[in-house]
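Please build the complete structure, drawing on both the sequences and the hints.
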Amino acid sequence: DFPSDSPAADAERFHRLIEAQVRAVPEQYLWIHRRFKGLGPDYPDYYRRAR
1 DFPSDSPAAD
11 AERFHRLIEA
21 QVRAVPEQYL
31 WIHRRFKGLG
41 PDYPDYYRRA
51 R
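If you use the UniProt record's numbering, the sequence shown corresponds to residues 1 to 51, in order.
Hints listed in this document are in silico derivations from the structure and should not be mistaken for laboratory results.
The model shown is predicted, which means the values in this text are computed figures rather than measured ones.
Don't take each hint at face value.
Claimed, not checked - Restraint ranges, calculated between C-beta atoms of paired labels, are given here:
1. G40 x D5: 40 to 46 Å
2. A20 x R48: 19 to 25 Å
3. D42 x F2: 39 to 45 Å
All C-beta atoms in this analysis are idealised placements derived from N, C-alpha and C, irrespective of residue type, glycine included.
The structure is reproduced here in structure tokens:
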């Protein structure tokens, strides 16, 4: 029954599955992931904290 007719329901189901796996073995989850760390100086710093 996946995918269903509802993208929102599919996203929620997928999220719950991921969450269950993280709760089962949190030490194996990638907690820090700087996706944009390799971008050049012309790109904004997505990781700077808002002040």
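A quick look at each hint next to the structure:
{"no.": "1", "hint": "G40 x D5: 40 to 46 Å", "result": "42 Å, holds"}
{"no.": "2", "hint": "A20 x R48: 19 to 25 Å", "result": "33 Å, violated"}
{"no.": "3", "hint": "D42 x F2: 39 to 45 Å", "result": "40 Å, holds"}
Against the hints set out earlier in the document, a violation occurs for number 2 only.
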